[in-house]
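As you go down the protein sequences, you meet chains A and B in turn.
If you're matching positions, the first sequence starts at 792 in our numbering and goes up one per residue.
If you're matching positions, the second sequence starts at 19 in our numbering and goes up one per residue.
Possibly wrong hints are sitting among the right ones.
Derived EDC-like pairs: lysine to aspartate or glutamate, alpha-carbon spacing no greater than 16 Å straight-line [unchecked claim]:
1. K950/A - D244/B
2. K183/B - D820/A
3. K875/A - D52/B
Computed footprint of chain B on chain A; a stretch qualifies when at least three of its residues, placed anywhere within it, have a C-beta under 8 Å from a C-beta of chain B [said to hold, decoys possible]:
4. 810-817
5. 827-838
6. 879-892
7. 949-955
Hints are computed from structural coordinates only; laboratory data are not their basis.
Backbone N, C-alpha and C define an ideal beta-carbon position, used for all residues, glycine too.
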Amino acid sequence: MPKIIKKREIIEDQWISINNPEQDLVSTDASANIIVELAFWLENKSSLIARTGKVGVLLQGSDEPELFHQELNNIDLIAINFPKFGDGRGYSIARLLFERYGYQKEIRAVGDVLRDQLRFMERCGFNAYALRSDKNIEEALASFSAISVDYQSDVLEKKPIYNRRP
Amino acid sequence: MYAYKEYDQELLNERVEQYRDQTQRFFKGELSEDEFLILRLQNGLYVQRHAPLLRVAVPYGMLNTEQVRKLAHIARTYDKGYAHISTRQNVQFNWPSMENVPNILAELASVQMHAVQTSGNCIRNTTTDQFAGATANEITDPRPYCEIIRQWSTLHPEFAYLPRKFKIAVTAATDEDRAAIRFNDVGLRIIKNDAGEIGFEVFVGGGLGRTPLAGSLIKPFLAPKDLLSYLEATLRVYNRYGRRDNKYKARIKILVKALTPEVFGKKVDEEWQHLRDGALDLPDAEVKQMQSYFPEPAYETLENNPTSFIEAKKENGAFSIWLRQNTNEHKKAGYQIVTLSLSPTGVAPGDVTDNQLDIIADLADKYSFGEVRNTHNQNIVLADVKQEDLFELWNTLQTHGFATANIHTINDIICCPGGDFCALANAKSLPIADQIQKRFDDYDFVYDIGEISLNISGCMNACSHHHVGNIGILGVDKKGKEFYQVSLGGDAGFGANVGKIIGPSFNEGDVADVVETIIRFYIDSRIEGETFLMTYQRIGMAPFKEKVYAKNN
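In isolation and in its complexed conformation, chain A is listed as follows:
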């Protein structure tokens, strides 16, 4: 099983990404935890919810949480894709999910996920990271603590630095 980082620890990934649902769903055990594209989930919601295994949803940068946030209770994990690490839309989407819509389950960064962005992701609401497979996942953990001072409020720290002063 591939490894991911969750809450700053390396764990085995318990989820399977379903890229071609028509084929892959047939061959996947009903008790497996799967991640499907948002559009597929919206179309096949009831059958997916009825599965024994959990179902997560994969979002792209152009997806809008405003349009499906009513469904969040039925979604067991949200993966947000970074097509390139320089594409920062995922940060805003994670903040909306976590802060505005109160999503408390796993928010996972997938795609071009590299260690130098992990801390920013964490501050925006991500709690799990599927590091790009050619990168060293153990060494990546150090990046969470490279910078310890944050000026802004974020999902972890509710006050900007000026309001934190004693």
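Since the structure of chain A is provided, determine the placement of chain B on it from the hints.
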């Protein structure tokens, strides 16, 4: 000026070590060229035609003399003995080696300086009026708000990977917009409403480059307490909806234009409804606290126009011309704002040597409370000089080449490094500046021409803001040969106008002739009291065009 707190310094030190580690991983091959590119840009490091370029942030243009001396030291030790003042009030080094950059950053951090977010697709250095806090013509000192924005925008976790770079400028001036706020991604103009309360006019979507546009007003009055929540809402809308498929269409101005300013403003307002009155609220106490970090210098109680000053002015014509051109009125009686010209003929505009930087620091310590400001016109300001010291200061400035009385004249050219240094440039720009300055070497004539701005960019990226020069010159490449396109009528100030191209472009050798023809025609056409821009606005492009191309035939 703002002095770092413990946490500011800690963040900076950590950032230096983080970058050192990133550089080492790049040299070990753990980070690819492309991966490192984005990281090094966010730390101000470009790779240029000859060597890397390191852009050092100068928040809102303010420097203390310890910092100026450190810049001199870096120029001497790691570069070829000079630095360049950029059009964003920053300082650039053109010749550092990539291996040395972490050490340079550590040197900078020791004097509370850095290169964080001076490049890359993130929120850049916030700029402001170089006369902030010293001019009589302002609503309030804008710098405390700039510092608040600096802190908010530094390593902001959500906005480090925007579609494109993002620039914010603030002015509180009432006489002239010296910060060109309408040509920034967000321009903030501090105003007072009818009830006497301070707030911001928010302009969005201004910029130059390939699509020059003046920013549109989307919020006529924003209370200071809402400043950060509104900026955060604006950035979030841009981060989510700005184009990422084409870097030339990725700036916020393209999104604002596509949606219309009204619709864009509405989207920001919708987002802002969720964010306002929340964690980002900027309490009045915090603004006051920040204001207390920008105390007035210890001004003496003085009379305006002391006798020695009046005498010197009477006796020395050159001094009095310099006073008129290179100094401005101060809010305190007996003080004056002095601009040091960094564009004497024969020197690349904005270039300053290590020794000159040391001298500037000495002068600032002696005459101006140990503070120095960079201007977006690539000059340097000593903001708080006693009038009784001006004659002595002027004499010293002359010795060191800073007293060219050319501020706001045709010879005070804004010019980018151009094809001589920059990898992006299509054409050289510095030789054109030199050509023009040599043409206008008769200063009686230069002063007769009066107030004018002339900006030269070596490519469409418009680093020298040629679109908003009263006369703008753009270098273009046609089949391997360099040509120059001339535009007229640009205005970076409150008028916020993009210049119009006069017609087909010119050969390198003809640019000074063309500029002279334009200038002579203005002098023949002007009405008493008109500047070049006023004459142009009255008579329009057509007669200029006729004159210029008639001559060429």
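Checked hints:
A threshold of 16 Å between alpha carbons decides the hint, and for K950/A with D244/B the separation of about 15 Å falls inside it, so the pair holds. Annotation: proposed proximity of K183/B to D820/A is violated, straight-line Cα distance about 47 Å (limit 16 Å). Taking the CA atoms of K875/A and D52/B, the gap is about 11 Å. The hint holds against a cut of 16 Å. For the stretch 810-817 of chain A, the assignment as covered by chain B is violated, since 0 residues bring a beta-carbon within under 8 Å of that chain's beta-carbons and 3 are needed.
Here's how the stretch 827-838 of chain A fares: 0 of its residues keep a CB closer than 8 Å to some CB of chain B, so the rule of at least three is not met and the hint is violated. Remark: the stretch 879-892 of chain A is confirmed as covered by chain B, as 7 of its residues place a Cβ nearer than 8 Å to a Cβ of that chain, reaching the required three. Residues of the stretch 949-955 of chain A lying with their CB closer than 8 Å to a CB of chain B number 6, which satisfies the three-residue condition for coverage.
In summary, the numbered hints that this structure violates are 2, 4, 5.
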